[in-house]
Amino acid sequence: MGRMLFVVALIALPLPWYLGEVERAPWLRLAFFTGMFGSVLFAEGGGGTTRLFFGLGVAQLILYGAALRLAAALVARALAGLRSPTWRTTVVAALAIALVGAGFLPIYDTPLSSRRAHSSLLGLFD
Amino acid sequence: MRGLRLLLLGACAALAVSAAAAQEQEIAPVETPQPAGACASHDALRRPFFGDLHVHTRWSLDASTQGTRTSPADAYRFAKGDEIGLYPFDPSGKPLRSARLGRPLDFAAVTDHSELFGEVALCNDPKSPAYGDLVCRIYRGWPRVAFFLMNARGVPRFSFCGDGGSACLTASRGPWQEMREAAEEARDATGACTFTTFVGYEWTKTVQTASNLHRNVIFRNEHVPEQPASALEALTPEALWDALDRDCRKGIPGCEALVIPHNSNLSSGFMFAPEMLSDGRPIDAAHARRRAANEPLVEIVQHKGESECRTGAGTEDELCGFEKLPYDSFMGRFSRFARKLPAPSNYVRTALGQGLVYRAKLGANPFEFGVIGSTDTHIGTPGLVLESGAYPGHGGAGIPIGDSVPDSLLDPIEYNPGGLAVLWAEENSRESLFAALSRREAYATSGPRIGLRVFAGWELADDLCSAPDYAARGYAGGVPMGGVLPPAPAPAEGVAAAAAAPVITLSALRDPGGGGDPSTPLQRAQIVKLSVGADGAAHERVVDVAGNPANGASVDPRTCETSGSGADSLCAVWRDPEFDPARPALYYVRVLENPVCRWSTRACNAAGIDCAQPKTVRTGWEGCCDPSIPKTIQERVWSSPVWYTPAN
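Listed in order, the protein sequences are those of chains V and F. Residue 61 in numbering that gives the first Met the number 0 sits at position 62 of the first sequence, and the numbers go up by one each step. Residue 231 in numbering that gives the first Met the number 0 sits at position 232 of the second sequence, and the numbers go up by one each step.
You may find that some hints are simply not true.
Which residues of chain V face chain F? A partial, calculated answer using Cβ under 8 Å [what the hints assert, rightly or not]:
#1 ALA42
#2 ILE106
#3 PRO110
#4 ARG115
Computed footprint of chain F on chain V; a stretch qualifies when at least three of its residues, placed anywhere within it, have a C-beta under 8 Å from a C-beta of chain F [said to hold, decoys possible]:
#5 11–23
#6 34–41
#7 45–59
Don't read these hints as lab results, they were simulated from the structure. From the three backbone atoms N, C-alpha and C, an ideal C-beta is built for every residue, glycine too.
Start from the sequences, fold in the hints, and give me the full structure.
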């Protein structure tokens, strides 16, 4: 359950992070852009802003990754107190569906997007 | 998790497969339609011409990454009064917005960032081998990311540029050729002389924390280098001047250029910090003379703030709060943690005063410059300076607007519509206007087309304001703005030497408006005097010499209705009562209009934002309720100074 909540959070939970602009978007989007800066850094060398942004991205990925893993584990432990496995599954499924469902609305602030300042999961990589 | 990592790495690796390649381009010589002849309209006593010498189009990386498709030719059409379409565009390529000037400009120069001409050209050319490169894919797919990635790259250039950047340098000639051709085609080379263009570019150097040393290069005529200098090759201002000497003045007959720094307000104090040269040596007289010769003008006002002075930063002048940015470098724009209020050394007034100190120390003044204004538009709309109307934002370093016009402020709220350059010239021709730039007979306006004449002399008559031949007597008895006072005449027998003092006269005319542009009355005229004191430091004095600062004029920020009276014209003849002939001094004039609503106030009102009702403050409009942003402004003009230098 903890692992499932963790993955859903990585994909859909809006988090505030900074890569030149402040976005409120999922960890996955941060990973995507960090990968972009990393690819250019490793392919082209050089430093300056590329290295800075790659470092910023990695630091935030690690920080948020750890925080989300911890939060998911805590939620899972709390849910373990529920006696009925059906109830536990229902609550986890409801949480996941709510999070992913909300993600299909333009709830993310995405100024790094080429198309719109507010995106949904469908525009996560725009 | 592991699968996700592999997926991301795989995607990135696939994108990373790229090849650098050079693209050779045939460069045709620019044809001049016909030699510039004498204009039918020629005034020996000169007329003011209004223009914009700082314009970006699709060839500037930062403009293209925010969606600007305006070409240099489009920008010139706009300056001449045509309507042009602006981003965003619908899927068929039709622009969703448009703009048009109420009053055409007299002159303009497209000054795109020269550094990445080649990269922009190659990344947009499907036939180029660089088109599929990772960086070019990011540029087209995620332009805001490319803005950070490419703008701050520096040297070496990206691998798709080839060895030594040769492919990009070669490709850069394409945009440069287009800019030159657009300038030649747009200017009126007939005797009617309705519109003048200059070939130009922006040299875009930043240092340390994105501190701005940017400068525009304006060429006198069509005789220009085959390639513009860029901050990736010419790394310092001195290297830029070297490049202009080598590639223009000494390399091409008839070639001449001048350099105009801008946004000293974003320079972290580096723009006017010549205590040490770029190579670490202390400044000397030769350097001071070279800087003054290369850089006779500074852009004092534009889209990204005004650079005259800041109240509390070395001055208590209460009128120095006009269009101030709350940070001293571009880094402050992108991170609140990097925000620092600009120090006095960021401002033109400080530099002008420091120049006098250098004059006293070295015998040469590196900061003997005049002032102009311009827009720095990044959507290719020169002269679009009105606070009123549907101001579309100039988009400097802006966020891509996306595929629809957003429900939000269209510019960072601390930005403004920018200003104009005004040149006193005999006629609207390149030769005449460039001569005005060179002799600094120029002034800056924050937008309105206020007329301003300034003369300084030793024996200008007290009744000059009522003279029908004001200009003729001004030229005959003194020097215009931008000039240097000649030595004081020998005092008449029996008159103390100290009695000789310079007389400054100014004549200002209200912007008549027209073409839908407003006309606002003038409120007051001031003379700003800077001089070197007995302590060896620069001192300032600001004197109201005409108009009435307490005229009761006001504006209701809720409706933008103005009230109160003002003047259609202001004139004054002022003799400096504290003049010390032993000390260097300068005088410049500032004229203010009555208050009006700021552009942001109008936009917020039109959007129905009421800060007393939080429900009306939608996302994207929060700035409307920022108490640090003024609701009203007083538009103004600044003259170039007149200098006095002691005989010894």
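Results for each hint:
Restraint check, ALA42 (chain V) versus chain F: the minimum CB separation of about 5 Å is within 8 Å; hint holds. With 8 Å as the threshold, the beta carbon of ILE106 (chain V) stays out of range of chain F, its nearest partner Cβ sitting at about 11 Å, so the hint is violated. The interface hint given for PRO110 (chain V) holds, since its Cβ lies 5 Å from the closest Cβ of chain F, which is under the 8 Å cut-off. At a threshold of 8 Å, the smallest CB-CB gap from ARG115 (chain V) to chain F is about 4 Å, leaving the interface hint in force.
Residue count for the segment 11–23 of chain V with a Cβ under 8 Å from a Cβ of chain F: 4. That meets the three needed, and the coverage hint holds. Here the segment 34–41 of chain V counts 7 residues with a CB under 8 Å from a CB of chain F, which clears the bar of 3, and the coverage holds. With 5 residues carrying a beta carbon less than 8 Å from a beta carbon of chain F, the segment 45–59 of chain V meets the three-residue requirement, and the given coverage holds.
Hint 2 alone, counting from the list given before, is not met by this structure.
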